[in-house]
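All chains should be modelled from the sequences, with the hints used to inform the complete structure.
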Amino acid sequence: MTTIQPSAYRIRSPVYRRLEAAGAVFAAVGEAVVAANFGDRAGETRTARTLGVVDLSCLPRIGFKGRGAVEWLTAQHVGMPDTPNRAAPQADGARAVRLSASEVLILPDRAGRSGLAADLEGAWQRETLQPRGYLLMRADTHAWFCVTGTAAPAFFAKLCAVDLRADRFGRNAVAQTILAQVGAIIVRGDVGPAPAFDVLADWAAADYLLPVLIDAMAEFGGRLIGLDALAALVADGGT
Amino acid sequence: MSGVNRIPGGLLVDAARPVRFTFEGRAYDGLAGDTIASALAANDVRVLSRSFKYHRPRGIHSMAAWDANALVQLPGEPNVPAERTPIVPGLAVRGQNYRGSLAHDRDAWLGRFARFMPVGFYYRAFFKPHGAWQRFWEPRVRALAGLGAVALDAPHGHFDKVHNFCDVAVIGGGRAGLSAALAAAGAGDQVLLVDHNPVLGGALNYGRAAVERAATHAERDRLVGAVGGVRRITVMTGAVANGYFADHWLAIIQGSRLHRVRAGRVVLATGAIEQPAVFRGNDIPGVMLGSAAQRLIRLYGVRPGRTAVVVAGTDDGYGVALDLLDAGATVSAIVELRPEPSRDPRAVAAAGRNIRIVNDASIIAAEAVDGHLAAIAIRRQGDNTRHGEAIVCDLAAVSVGRLPAYQLALQAGGRLDYDDARAHFSIAGLPPGVTLAGWTAGEDIGANHPWPIYPHPDGKAFVDFDEDLQIDDIENAVAEGYREIELVKRFSTVGMGPSQGRHSALTAARLVAKETGRRVGDVGVTTARPPVVGEKLGVLAGRGFDPERKTAMHHRHLEAGAQMMTAGAWWRPAYYGVLAHRADAIAREVRAVRTAVGMIDVSTLGGLEIRGPDAAEFMNRMYTFTYTKQAVNRLRYVLMVNESGAIIDDGVACRFGDDHFYVTTTTTGSDRVYQTMLWWNAKWRLDVDIANATAAFAGVNIAGPRARDVLAPLVEGCGVDAGAFPYLGAFEARIAGIPARFLRVGFVGELGFEVHVPASQGEALWDALMDTGRGAGLVPFGVEAQRVLRLEKGHIIVGQDTDAMTTPEEADMLWAIAAKKPFFIGKRALVIRDKHLSRRKLVGFAVAGAPPLQESNLVLKGGNAVGFVTSVAWSPTLNRTIGLAYAAREDAAPDRSLVIRLDDGRDVRATVVKLPFYDPDAARQAL
Chain G
1 MTTIQPSAYR
11 IRSPVYRRLE
21 AAGAVFAAVG
31 EAVVAANFGD
41 RAGETRTART
51 LGVVDLSCLP
61 RIGFKGRGAV
71 EWLTAQHVGM
81 PDTPNRAAPQ
91 ADGARAVRLS
101 ASEVLILPDR
111 AGRSGLAADL
121 EGAWQRETLQ
131 PRGYLLMRAD
141 THAWFCVTGT
151 AAPAFFAKLC
161 AVDLRADRFG
171 RNAVAQTILA
181 QVGAIIVRGD
191 VGPAPAFDVL
201 ADWAAADYLL
211 PVLIDAMAEF
221 GGRLIGLDAL
231 AALVADGGT
Chain C
1 MSGVNRIPGG
11 LLVDAARPVR
21 FTFEGRAYDG
31 LAGDTIASAL
41 AANDVRVLSR
51 SFKYHRPRGI
61 HSMAAWDANA
71 LVQLPGEPNV
81 PAERTPIVPG
91 LAVRGQNYRG
101 SLAHDRDAWL
111 GRFARFMPVG
121 FYYRAFFKPH
131 GAWQRFWEPR
141 VRALAGLGAV
151 ALDAPHGHFD
161 KVHNFCDVAV
171 IGGGRAGLSA
181 ALAAAGAGDQ
191 VLLVDHNPVL
201 GGALNYGRAA
211 VERAATHAER
221 DRLVGAVGGV
231 RRITVMTGAV
241 ANGYFADHWL
251 AIIQGSRLHR
261 VRAGRVVLAT
271 GAIEQPAVFR
281 GNDIPGVMLG
291 SAAQRLIRLY
301 GVRPGRTAVV
311 VAGTDDGYGV
321 ALDLLDAGAT
331 VSAIVELRPE
341 PSRDPRAVAA
351 AGRNIRIVND
361 ASIIAAEAVD
371 GHLAAIAIRR
381 QGDNTRHGEA
391 IVCDLAAVSV
401 GRLPAYQLAL
411 QAGGRLDYDD
421 ARAHFSIAGL
431 PPGVTLAGWT
441 AGEDIGANHP
451 WPIYPHPDGK
461 AFVDFDEDLQ
471 IDDIENAVAE
481 GYREIELVKR
491 FSTVGMGPSQ
501 GRHSALTAAR
511 LVAKETGRRV
521 GDVGVTTARP
531 PVVGEKLGVL
541 AGRGFDPERK
551 TAMHHRHLEA
561 GAQMMTAGAW
571 WRPAYYGVLA
581 HRADAIAREV
591 RAVRTAVGMI
601 DVSTLGGLEI
611 RGPDAAEFMN
621 RMYTFTYTKQ
631 AVNRLRYVLM
641 VNESGAIIDD
651 GVACRFGDDH
661 FYVTTTTTGS
671 DRVYQTMLWW
681 NAKWRLDVDI
691 ANATAAFAGV
701 NIAGPRARDV
711 LAPLVEGCGV
721 DAGAFPYLGA
731 FEARIAGIPA
741 RFLRVGFVGE
751 LGFEVHVPAS
761 QGEALWDALM
771 DTGRGAGLVP
781 FGVEAQRVLR
791 LEKGHIIVGQ
801 DTDAMTTPEE
811 ADMLWAIAAK
821 KPFFIGKRAL
831 VIRDKHLSRR
841 KLVGFAVAGA
851 PPLQESNLVL
861 KGGNAVGFVT
871 SVAWSPTLNR
881 TIGLAYAARE
891 DAAPDRSLVI
901 RLDDGRDVRA
911 TVVKLPFYDP
921 DAARQAL
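These protein sequence lines are chains G and C, in that order.
Residue numbering for the first sequence follows the working numbering, beginning at 1 and increasing consecutively.
Residue numbering for the second sequence follows the working numbering, beginning at 1 and increasing consecutively.
If you're looking for bench data, these hints aren't it; they were derived computationally from the structure.
Mixed in with the good hints there might be a few duds.
To be verified - FRET-style restraints, in silico, Cβ to Cβ:
id : chain 1 : residue 1 : chain 2 : residue 2 : range
1  : C       : Val632    : G       : Pro84     : 29 to 39 Å
2  : G       : Arg165    : C       : Pro139    : 48 to 58 Å
3  : G       : Glu121    : C       : Gly238    : 52 to 62 Å
4  : G       : Gln125    : C       : Gly849    : 58 to 68 Å
5  : C       : Thr527    : G       : Thr177    : 44 to 54 Å
6  : C       : Val230    : G       : Glu121    : 51 to 61 Å
7  : G       : Thr177    : C       : Ala479    : 56 to 66 Å
Glycine is no exception: its CB is placed at the ideal position from the N, C-alpha and C atoms.
Listed below in structure tokens is the structure:
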């Protein structure tokens with residue numbers, strides 16, 4: 001079995017070197033390369049319940065913005081939240097995250113199986129009807145880290161002024177805020193039984209942000225985990 | 001036995017765990033749970049420090065760290081509050097502010113010169129003769145100044161900050177705070193209960209409100225137990241609420257962590273601060289507040305003295321006397337300052353235990369032997385002798401009244417009202433959502449003694465212990481003309497020390513009221529501001545966040561040996577090579593671009609997507625040039641000026657569709673340009689979408705005569721020869737399988753292609769190009785080389801060659817102004833400014849040799865500064881020093897001579913050169 005090396009692929013996570021240094025075992029997910037585990041699947045799954053962070057920066061995602069964007073997406077049968085700062089789960093596990101009256105971010109499921117982002121992009125390019133909003137390259141403007149576990153709200157309290165306590169920031173809530181001095185979009189969407197927070201922040205600041213997250217996690221025993229741990233949690237929790 | 005004064009009991013200490021520490025080099029034994037002050041008191045050590053100005057010996061006064069008397073020095077840290085800091089095995093404690101030893105301070109002579117240092121003396125002294133301050137006084141004052149000493153080699157601490165949220169924040173865990181927390185939790189609120197002490201209970205733990213203690217203990221146990229059983233109450237002990245800020249935002253410090261708490265509402269149950277009596281010698285070690293004596297007894301199991309006098313201006317003094325008796329001290333007398341005997345049950349009990357009570361008495365002085373209390377001299381009503389009666393004692397416990405702990409309440413907008421009848425302050429005027437409870441609200445607080453102030457002809461009756469201010473000093477400040485308490489404070493420094501007025505504000509208000517013939521309530525106290533108690537700079541600094549932005553190729557630069565530099569928050573490669581050979585590296589990179597091909601990472605430059613039916617109109621309004629007729633797949637220069645006509649940014653606009661412009665900005669300008677566009681379009685409401693794609697695109701500029709050799713093998717879907725891809729063309733295609741935008745630009749004056757790809761594929765692009773380009777001699781080049789290359793072409797860098805005033809006319813850029821457009825931002829200002837041209841122009845210049853010219857060196861004419869150098873560099877291409885500078889308008893012609901002043905004061909002559917220095921026909925970039 002050949003080892004997958006991120007540098008052999010065109011699409012590379014902004015933090016792939018840090019993942020390599022931490023002992024990541026990579027897996028290909030479509031055109032993307034993701035850290036599947038760090039050599040300790042069982043331990044990482046346990047950690048994911050308390051506090052873990054996984055890099056999902058390479059998974060495909062896309063944004064739509066401007067006049068006609070929301071209407072066009074609705075016409076494509078994308079379930080749309082009624083108000084900004086909410087996410088709507090889609091049938092294939094993807095989420096439509098409404099960031100404003102006229103801006104939507106399409107996130108795939110965390111296993112990267114959803115083809116919704118690519119399908120929508122293709123349909124938009126082929127479309128001739130106006131207005132239908134404009135595309136945003138969300139896989140390259142933002143890096144994506146998913147923070148899971150019951151200690152996540154206490155961990156975020158060290159970095160972010162928004163109240164992310166479980167009973168105040170529920171499933172599918174969205175905050176557009178500042179995290180460790182960088183702008184971030186935080187989406188709550190649980191993984192099996194564990195609370196999970198998707199963090200999207202400036203791609204160019206990802207190599208600064210990830211060590212900050214890991215350092216702040218240390219107090220709670222948190223650490224980097226791989227995609228396998230998320231899958232194991234989903235299998236446990238049935239979602 | 002951990003100290004001669006140790007007695008059984010002590011809520012906070014563990015008699016089974018002794019702890020050895022040192023003070024002033026001598027070893028002492030305390031108990032686990034002791035603070036430095038309580039352990040020293042147990043060992044009969046009375047003197048803890050020397051006072052600020054007069055170097056008087058000082059010791060425990062409040063036992064609650066309310067003042068500077070008990071600040072001590074630890075090896076890594078100055079000004080540590082001994083009354084709050086626990087001892088740990090091996091702790092090495094020293095006193096502060098002495099020369100020689102604490103016991104024999106060689107600077108104690110300052111106390112004898114007190115009458116030469118009246119209030120405000122330093123406003124008049126030290127300045128004559130001329131130069132006396134700098135040469136003689138300042139070094140001496142500086143050596144004497146301050147209390148503790150900073151250890152520059154102290155080990156770093158770990159500090160952190162965290163956000164915290166609650167429905168109700170209750171500050172203070174005494175009876176009132178515990179009750180308020182239980183009530184709020186019972187109503188369904190999430191409660192945060194904060195107390196400064198290691199355990200909850202407040203004054204229930206040490207006060208004596210009744211003759212028997214059992215009821216007090218039972219109440220404390222009930223309340224503390226109830227709080228412990230409620231999940232909705234989060235308890236923080238050892239935590240101080242140090243500031244109240246708008247919308248119920250509290251700064252709470254616990255250990256090394258700052259909690260930024262946002263509360264739905266706030267209950268202040270912060271208790272009250274016992275007040276001193278003012279008499280000669282009231283600062284002598286052994287004179288302390290009644291509550292201080294009780295804290296020592298109840299919390300730490302320490303007898304505060306062997307032979308005590310209690311000064312009772314309120315009924316609480318009798319509770320103190322009973323506690324002292326129970327602790328095994330002899331109480332020689334209770335000096336009752338009020339005219340009538342007390343009928344409080346505690347007074348009756350004290351009399352019943354045969355304590356001598358002297359009614360209607362006043363204090364003359366406290367007297368010291370060897371730096372600590374030896375006797376109190378009192379005067380009974382009708383005694384007209386000079387010296388009164390001296391009572392031998394080693395402890396004077398003073399209870400004359402309390403002040404509500406008003407600091408947080410006043411920070412929240414409350415004010416203090418004075419009740420003349422009961423001689424105390426109350427708090428009123430709080431905003432919605434902030435309430436008071438317990439003593440802070442004036443509940444059960446009793447009346448204060450109205451005037452526990454006893455001046456003495458020989459002085460040393462201290463109003464402010466921290467600042468060594470006596471009664472005379474306050475009276476003299478008023479005599480100098482400072483009638484308002486804020487001015488008295490500023491002139492005298494009363495209340496400006498670590499105590500922040502806790503023990504001086506009430507006395508100062510009373511004295512100023514008397515001296516100015518006003519009511520105490522009309523004088524008031526000075527504004528209370530955060531912090532309530534001293535806070536370490538480390539806590540404020542906390543965890544630092546210093547965001548950095550890196551391009552997708554960042555690590556490839558490091559691997560290639562780049563010296564990196566910052567551009568805003570970004571890292572960029574300055575040059576590739578070692579510092580010692582910087583100039584050579586830059587010259588090598590410049591030559592590579594001019595003769596073969598080089599590649600620079602331009603990812604940091606801003607990229608904005610302007611899309612929509614009104615895109616061209618929007619561009620026409622934002623920038624000076626014209627865009628409506630710009631063809632698709634062509635790019636055009638953009639120049640932005642502000643409403644005053646000053647240049648603020650530039651770049652290029654690529655038209656990828658009728659309704660689509662992709663616009664670049666300078667690295668440090670991208671956020672500002674984006675915000676400016678959003679702001680203007682919020683007014684214009686043109687049908688255009690503006691998106692900031694700066695981070696989304698990684699980019700390189702491949703420049704040099706062999707640029708096509710590098711690109712041709714990799715580009716798909718587009719030719720790179722001159723016919724397919726002319727100068728100023730812009731195309732979308734693919735390179736090495738990566739979707740890309742290609743721009744033909746001329747910034748460095750060679751055949752050049754910018755390639756922009758999605759950031760996640762930027763490193764792959766760099767790798768492919770370096771691999772393919774090797775054969776053509778491709779080398780990476782950095783920002784320094786790029787600056788030289790563009791300078792050789794006379795191209796400006798906005799923000800370097802332009803300042804806040806530069807117009808396009810000054811920079812010879814009128815070609816970039818489309819004067820016929822009806823509107824663009826700044827047009828009106830430029831029309832006006834072009835009618836009254838400035839006195840300067842930006843010109844190119846050359847200098848013989850290589851003098852040490854620097855940016856900002858002044859251009860002189862007739863002895864006056866008429867301009868300055870904006871860019872200067874050695875040009876490897878032209879083999880001479882060239883630059884850009886603002887010069888007098890009349891000198892802005894080729895071959896004119898300029899005088900430039902170097903940093904070392906020499907002048908050099910420069911010659912004005914027509915721009916560009918290199919390739920004036922612009923043939924090379926259009927290859």
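Evaluated hints:
Checking the proposed 29 to 39 Å range against valine 632 of chain C and proline 84 of chain G shows it holds: the Cβ atoms sit about 34 Å from each other. Look at arginine 165 of chain G against proline 139 of chain C: about 56 Å separates their beta carbons, and that is inside 48 to 58 Å. For the pair glutamate 121 of chain G and glycine 238 of chain C, the supplied restraint of 52 to 62 Å holds, since their beta-carbon distance comes to about 56 Å. Range check, glutamine 125 of chain G to glycine 849 of chain C: about 60 Å between beta-carbon atoms, so the 58 to 68 Å window is met.
Hint check: threonine 527 of chain C to threonine 177 of chain G, Cβ distance near 34 Å, so the stated range 44 to 54 Å is violated. Between valine 230 of chain C and glutamate 121 of chain G the beta carbon distance is about 53 Å. The supplied range of 51 to 61 Å therefore holds. In this structure the hint that threonine 177 of chain G and alanine 479 of chain C lie 56 to 66 Å apart at CB holds, the actual value being about 57 Å.
Hint 5 from the list above is the single one not met by this structure.
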